[in-house]
Amino acid sequence: MSIEVKNISKSYPGNKVLDNISLVAQEGQILGLIGPSGAGKTTLIRLITGAIKADDGEIFIGGIKVPDRRLLKTMGYMPQSEGLYTDLTGFDNMFFYARLYGLKGKVMVDRCRNLLEFISLEKDANKLVSEYSFGMRKRLSLIIALIHEPKYLFLDEPTVGIDPRLRLKIWGLFDKLLAEGKSLILSTHVMDEAERCESCALIQDGHLLAYGKTKSLLAGTKSGSLEELFLVGQGGGF
Amino acid sequence: MVAIIIRIARQLFNDKRSLALMLFAPMFIMTFLYLIFGDNVYKPKLALVDIPSQMESAIRKQDVVIVKVDSSNSDKLIEDGKVDGVLSMKAGVLNLHLQKADAVKAPKLTRAVSDTLKSMSGGSGALVVDYHYGSADESAFKSLGYMFLGVFSFFFVFLISGVSFIKERIFGTVERFMLAPVSRYQVVGGYWVLVFLL
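Chains F and Y, in that order, give the protein sequences.
Counted from 1, the first sequence has number 138 at position 139 by numbering that gives the first Met the number 0; the numbering is strictly sequential.
Counted from 1, the second sequence has number 47 at position 48 by numbering that gives the first Met the number 0; the numbering is strictly sequential.
Calculated directly from the structure, the hints in this document are not laboratory data.
Please note: incorrect hints may appear among the correct ones.
[What the hints assert, rightly or not] Derived contacts from chain Y toward chain F, CB cut-off under 7 Å, selection only:
id, residue
1, Asp49
2, Ala179
3, Val181
Cβ atoms here follow ideal geometry from the backbone N, Cα and C, with glycine treated the same way.
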C-alpha cells in the first residue's frame, strides 16, 4: 500500500514546476520532501492528493490511480495556507471538516476535544480563528488533517512557525502515527527535521536532486548534513 | 495617492474577469429590463359599461382591446386582472375606472379615452379617472418601491454569497474541502440552500 509517483511533470504557463519526478513512499514511513521555497514541494504534494492534475506521468496510492473518490476518505491533507475559516471558532472549523467526513454527535465532539487538548488549544477552541496567532492556526490546521484518522497524511510545511517544544510534541505524534501503520509525506525546509524522515527526496527547481533512505544519503556526504547535497547539486546553494 | 491609482489600475488590468463583467453584465441586465419594460406592443384591455354605440366605435379605433360587460361584474374583472380598466357612463359623466396607477397601462388607457373624446364633437363631456387600487397621486417611489425591494435584496444575497465564495478561494479552504469526500453537487447544493433561505 505504498504511494508511487511515476515520471510526473507539471508546468504552469511560462515555467516548468516539476520535471520528470519519480519516487515511492513506503507504507508506514515518513517521506520528507526537502528543498528551498519555490522548488515544487507544494505542487508535488497537491499532485499526489489529486488537487491538481499532472501534465505527464501517473500517481498510485495503494494501487489506485489518483484522482479517485475512494481515496479521499483515506487521505489527510494539511495545506500550506491553513485552509481555515477565520470567521468561525476553532471548534466550528473542526466540526465542519469532521462532518464532511461523516463524523457526528458525541464521537465527533470527543475526537475534536482530544485533538485540541493534544495541541494545547482546548482553551482557545471557542475563540474565532481570526484571533489566533500564526502558530495556533498551524496547529489547528494540522489536527484537522487528522480528524478522520486517515491512512495517508500529506503535510505541507507542518512545523513552520511552531515553537521547539511543540515541534517535539508534533514529531512525537508523527512517530505514534507511524507506529499505527500510517504513511506520511511532509515537506520541510528545516534540515534537522528532514534527517528524522526515513526517506528523503531533495527537490530543487523541479528536479529530483537526490532520493533515497536518509541514512544512505547522509553517508554519501562529507559533512554528514543534507545541506551539502544541495550545494553539490547546484554548485551554488540556495 | 498616485501610487494607489497606479496600483488599482494595474490590478484591474490583471483581472480580466472583472473587466469583462463590467462590460457584459450591464448589457445582460439591460436585455432583461427591455423584456420587462419594453412591452410597447401591449394593448391594454378596456371593459365598456353602458357606453353609447357611437363612442364605442370611436374607441375601437384606438389601440385597445374592448370587452363589453354590464356594470354588475366589472369590479370582479378588474380584481381578477382580466381587464386593465372599465369605462362607464353615468348621468352623462364618463368614468374611467383603472385597475392601478402603474407606469404603462394606466397612461395608455387614459390617453386612448381622452383621444377618443377629442376626436368626437370637440371634446365635450367630462371624464373622471379613478383607480381601483391606489390613487393617482401615488409617487413613482410607491409603485416602483416594491419591485426595487426585491431587486436589492436579491442583489445583496448574490453579493454576499459571492464574497463568501471568494473568501474560500483566498483562504484555501476550497481546496481543502474538495479533498474531503463530498461531491461538487453537495457543495453547490449546500450553498444554494442557504442562499435560498436568505
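Hints versus structure:
Nearest Cβ of chain F to the Cβ of Asp49(Y): about 68 Å, over the 7 Å cut. The hint is violated. Interface hint at Ala179(Y): satisfied, since its Cβ lies 4 Å from the closest Cβ of chain F, which is below the 7 Å cut-off. Of the supplied interface hints, the one on Val181(Y) holds, with its beta-carbon coming within about 6 Å of a beta-carbon of chain F, less than 7 Å.
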